[in-house]
Amino acid sequence: AQKVTQAQTEISVVEKEDVTLDCVYETRDTTYYLFWYKQPPSGELVFLIRRNSFDEQNEISGRYSWNFQKSTSSFNFTITASQVVDSAVYFCALGAQGGSEKLVFGKGTKLTVNP
Amino acid sequence: NAGVTQTPKFRVLKTGQSMTLLCAQDMNHEYMYWYRQDPGMGLRLIHYSVGEGTTAKGEVPDGYNVSRLKKQNFLLGLESAAPSQTSVYFCASRPQGSIYNEQFFGPGTRLTVL
Numbered sequence: 001a002q003k004v005t006q007a008q009t010e011i012s013v014v015e016k017e018d019v020t021l022d023c024v025y026e027t028r029d030t031t032y033y034l035f036w037y038k039q040p041p042s043g044e045l046v047f048l049i050r051r052n053s054f055d056e057q058n059e060i061s062g063r064y065s066w067n068f069q070k071s072t073s074s075f076n077f078t079i080t081a082s083q084v085v086d087s088a089v090y091f092c093a094l095g096a097q098g099g100s101e102k103l104v105f106g107k108g109t110k111l112t113v114n115p
Numbered sequence: 001n002a003g004v005t006q007t008p009k010f011r012v013l014k015t016g017q018s019m020t021l022l023c024a025q026d027m028n029h030e031y032m033y034w035y036r037q038d039p040g041m042g043l044r045l046i047h048y049s050v051g052e053g054t055t056a057k058g059e060v061p062d063g064y065n066v067s068r069l070k071k072q073n074f075l076l077g078l079e080s081a082a083p084s085q086t087s088v089y090f091c092a093s094r095p096q097g098s099i100y101n102e103q104f105f106g107p108g109t110r111l112t113v114l
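Note that the protein sequences, when read in sequence, are chains A and B.
Residue numbers for the first sequence follow the numbering used here, so the first one is 1 and each next one is one higher.
Residue numbers for the second sequence follow the numbering used here, so the first one is 1 and each next one is one higher.
I should point out that these hints are in silico values taken from the structure, not numbers from a laboratory.
In this text, all values refer to a predicted model and were calculated from it rather than measured experimentally.
Even for Gly, the Cβ is constructed at its ideal location relative to N, Cα and C.
A hint or two may mislead.
Restricting the straight-line Cα-Cα distance to at most 25 Å, the calculated cross-link-like pairs of lysine-lysine (BS3-like) are [to be verified]:
hint : chain 1 : residue 1 : chain 2 : residue 2
1    : A       : Lys3      : B       : Lys9
2    : B       : Lys71     : B       : Lys9
3    : A       : Lys110    : B       : Lys9
4    : A       : Lys102    : B       : Lys14
To give an idea of the interface, some chain B residues facing chain A are shown, with a C-beta separation under 7 Å as derived from the structure [unchecked claim]:
hint : residue
5    : Met19
6    : Leu43
7    : Val50
8    : Gly53
9    : Tyr100
10   : Glu102
11   : Phe105
12   : Pro107
13   : Gly108
The following block holds chain B by itself, in its conformation from the complex:
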């Protein structure tokens, strides 16, 4: 099993450009999450999904959109990138049931917006 994978690993964008980050998991997990990590800020939740076809806003959703068309994939979109979106993005997934179930994280995507 590959676990949680993220594509791409690195990306540089210019202000105003758009892009989509792909998260894929092969563990048949129901829940998936997108976080961003900034220096001194820890991990902050952007959006999450509790199942195929569902999405919900997290702590810092502005400027991002998400889709969960397939259970195994969770896409994070930036329609018009801004320098404030320069960050490391992590995807995570966990099984259905209690939040006690451990979240498994992907390796991260480092995004720079110039």
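For reference, chain A alone in the conformation it holds in the complex:
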């Protein structure tokens, strides 16, 4: 069975602070994919990044960076110099190759960035 754990239910920071959102996953599949989605207060779901299990290279996109570590089954998301517009619920999701066409989502982390 696949499982995604986002242990941080809510995080509150002050603008310009760095913040890391944790994501720990469980799967028996050797080929799998990890995703992050953002849900701002307006409610829509916005795709941020995907990573496959064979690519452990970290990725940076502007103020966003992702750290994928197979050894600890984690795919953490860091926002550098946070801004009020980063306030949202962030979801981590896992999908596996080989017959399963579904994504399993974590319960989400609500990030509030205060001015």
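Starting from the known structure of chain A, fit chain B onto it as the hints suggest.
Just chain B now, with coordinates in the frame of chain A:
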């Protein structure tokens, strides 16, 4: 392209009433999904479809039915609504092939069952 659209955006039902939520996509995607989002629960998969004429159960299928008569549409039905079905419902679609392909989400439908 409109992407993924959902109809209606909001709905209030009384217990026992029925309704159908419509999801439409104009990206020629093979796969379509229905999720529900409840506070503190994340997104849970209700039903999904891997192509026209096919449907399959997800994590929380009870109380819902679905149909995919046309490739571009995926309907979610509630035959006898219950207060436990109060939720925000999201539809998503993705292209054929690996699950690595990104899912595109609709704007959501907020359903309240009294």
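Hint-by-hint comparison with the structure:
Taking the CA atoms of Lys3(A) and Lys9(B), the gap is about 30 Å. The hint is violated against a cut of 25 Å. Straight-line distance between C-alpha atoms of Lys71(B) and Lys9(B) comes to about 22 Å, which keeps the hinted pair within the 25 Å bound. A threshold of 25 Å between alpha carbons decides the hint, and for Lys110(A) with Lys9(B) the separation of about 23 Å falls inside it, so the pair holds. Annotation: proposed proximity of Lys102(A) to Lys14(B) is violated, straight-line Cα distance about 31 Å (limit 25 Å).
A cut of 7 Å between beta carbons decides the hint on Met19(B): the least distance to chain A is about 20 Å, and the hint is violated. Hint status for Leu43(B): holds, given a least beta-carbon distance of 4 Å to chain A, under 7 Å. Taking 7 Å as the C-beta contact cut-off toward chain A, the hint placing Val50(B) at the interface holds, the least distance being around 6 Å. Interface restraint check: Gly53(B) against chain A, minimum CB-CB distance 15 Å, threshold 7 Å, status violated.
The beta carbon of Tyr100(B) is positioned within 7 Å of a beta carbon in chain A (closest approach about 5 Å), and the interface hint is therefore held. This hint holds: Glu102(B) has a C-beta 5 Å from the nearest C-beta of chain A, less than the 7 Å allowed. Residue-level restraint check for Phe105(B) holds (minimum Cβ-Cβ distance to chain A is 4 Å; threshold 7 Å). About 5 Å separates the beta-carbon of Pro107(B) from the nearest beta-carbon of chain A, less than 7 Å, and the hint is met.
Given hint, Gly108(B) at the interface with chain A, holds; its Cβ is 5 Å from that chain's nearest Cβ, closer than 7 Å.
In the structure shown, a violation is registered for the earlier hints numbered 1, 4, 5, 8, in ascending order.
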